[in-house]
Amino acid sequence: TQLLEQSPQFLSIQEGENLTVYCNSSSVFSSLQWYRQEPGEGPVLLVTVVTGGEVKKLKRLTFQFGDARKDSSLHITAAQPGDTGLYLCAGAINDMRFGAGTRLTVKP
Amino acid sequence: NAGVTQTPKFRVLKTGQSMTLLCAQDMNHEYMYWYRQDPGMGLRLIHYSVGEGTTAKGEVPDGYNVSRLKKQNFLLGLESAAPSQTSVYFCASSWVGQETQYFGPGTRLLVL
Chain A
5 TQLLEQSPQF LSIQEGENLT VYCNSSSVFS SLQWYRQEPG EGPVLLVTVV
55 TGGEVKKLKR LTFQFGDARK DSSLHITAAQ PGDTGLYLCA GAINDMRFGA
105 GTRLTVKP
Chain B
66 NAGVTQTPKF RVLKTGQSMT LLCAQDMNHE YMYWYRQDPG MGLRLIHYSV
116 GEGTTAKGEV PDGYNVSRLK KQNFLLGLES AAPSQTSVYF CASSWVGQET
166 QYFGPGTRLL VL
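Chains as they are written, first to last, in my numbering: chain A, 5 to 112; chain B, 66 to 177.
Bound conformation, chain B alone:
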C-alpha cells in the first residue's frame, strides 16, 4: 500500500497562475483533508471532505477550491495564486473524523 501520495512534490508559480494539487489514498478512507503548514503557525485546515462528492470549509478556505469526485482522490485548486499562498501543503485521510489521520509527504509551493 502506498498510503497517501501527493503530486507534485514541489512547484513554483507566478502570481495569478493557477494549479491543482492532487492527493490520492489507497486505504479506502472516508475522510480527506487539505492543510497548509507555515512557520510558527502549525497545520491549518483548508478544506475537508467526509465522503465522495462532499466538501466543507476549514479554518482558512479563502483562495482555494476542492473537489472529491472519487473516494480515493481529493484535489486542491488555486485559481489565481498569490504570494501569501507560499506554503507546504499536506493532504491527510482518516476512516472517520477525529480518528488517526494519515498524512502525505507534502507539496512545497512557492508563489513569486
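With the rest of the complex left out, here is chain A:
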C-alpha cells in the first residue's frame, strides 16, 4: 500500500481542457512537493507547500495543500502539449515518500 495515493493514474485530454489530479494520504505531512518527470529524465520540482490550506500558483498550475496537511491537488488550466509528463507528489515525514504518479497526456 502506497503512503501517498495519486489519482487518476492515467489522464489523456485535449489541448485547452482543464484538469485536476489528486494526492491523498492518511498521514500528516510537514510539507508536500509536486514534481514533473519527462520520459528518460529525473523528476524536477514544481512546488513545495508547507502550510495547511496553502495555495500556490505557477503560471497555469495551481497547487493546494489540504487544511489537515494530508492531501493536495494540482489543477492545470488550459492544458498544453508541453504539460505532458508524469506528475509525482512527495510528502515529508521522516524522509520523503513519493506517490506512484499521474501520467498526463495532452493531445494537440
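Simulated from the structure, these hints should not be mistaken for laboratory data. Since the model is a prediction, treat every value here as computed from it, not as a measurement. Don't take each hint at face value.
What the hints assert, rightly or not - Calculated pairs, EDC-like style, for lysine to aspartate or glutamate (alpha carbon to alpha carbon, straight line, at most 20 Å):
id, chain 1, residue 1, chain 2, residue 2
1, B, 74, B, 117
2, B, 74, A, 87
3, A, 63, A, 99
4, A, 61, A, 71
5, B, 74, A, 42
6, A, 74, B, 164
7, A, 60, A, 75
8, A, 61, A, 87
9, A, 74, A, 42
10, A, 61, A, 45
11, B, 122, A, 21
12, A, 60, B, 164
13, A, 63, A, 42
14, B, 135, B, 124
15, A, 61, A, 21
Model the placement of chain B on the given structure of chain A, informed by the hints.
Just chain B now, with coordinates in the frame of chain A:
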C-alpha cells in the same frame, strides 16, 4: 555546473553478477539518495546519506549496499543481481532533508 550525474546510463546484467552505480553531485549538498522507479510503484527510497561517511536504510534496502566516502559521491552496489532488481535507478541530492531534491537522469538496469 553539471548538477547530479549518474554512471552508467544503461546496463544489462546476468543473475548473480555484481555492479556499482555511481552518483556524483557538484552542488555541495549534504544529503544524497538512491531510489528505484518501477511501473505503478512510483519512486521508492533504497538508501540515503545525511553526510560524508554516513548511510541509512530507506524503504527497500534489501539486496543493495551503499557508500559515501566523499561528499560529492554516493555509490550503490548490487552484490548478486536478481531479476527483481530490474528497474530504473535515480540518484538525488539536497541541502538538507525534506528540501528540494535534485535528481540525476537515471540508470536503466536490466537483470536477465
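Status of the hints after comparison with the structure:
1. B:74 with B:117: Distance ~24 Å between residue 74 (chain B) and residue 117 (chain B) Cα, so the pair is violated.
2. B:74 with A:87: It is violated: about 25 Å lies between the C-alpha atoms, which goes past 20 Å.
3. A:63 with A:99: violated, 29 Å
4. A:61 with A:71: With a Cα-Cα distance of about 17 Å, the restraint between residue 61 (chain A) and residue 71 (chain A) holds, given a limit of 20 Å.
5. B:74 with A:42: Holds, at roughly 16 Å.
6. A:74 with B:164: At roughly 18 Å apart (the allowed maximum being 20 Å), residue 164 (chain B) and residue 74 (chain A) satisfy the hint.
7. A:60 with A:75: holds, 14 Å
8. A:61 with A:87: holds, 15 Å
9. A:74 with A:42: violated, 26 Å
10. A:61 with A:45: At roughly 24 Å apart (the allowed maximum being 20 Å), residue 45 (chain A) and residue 61 (chain A) break the hint.
11. B:122 with A:21: violated, 43 Å
12. A:60 with B:164: With Cα atoms ~17 Å apart, residue 60 (chain A) and residue 164 (chain B) stay inside 20 Å; holds.
13. A:63 with A:42: holds, 19 Å
14. B:135 with B:124: Judged against 20 Å, a Cα distance of about 24 Å means the pair is violated.
15. A:61 with A:21: Answer holds: residue 61 (chain A) to residue 21 (chain A) is near 18 Å, not above 20 Å.
Violated hints, listed in ascending order, are 1, 2, 3, 9, 10, 11, 14; each of the other numbered hints is respected by the structure.
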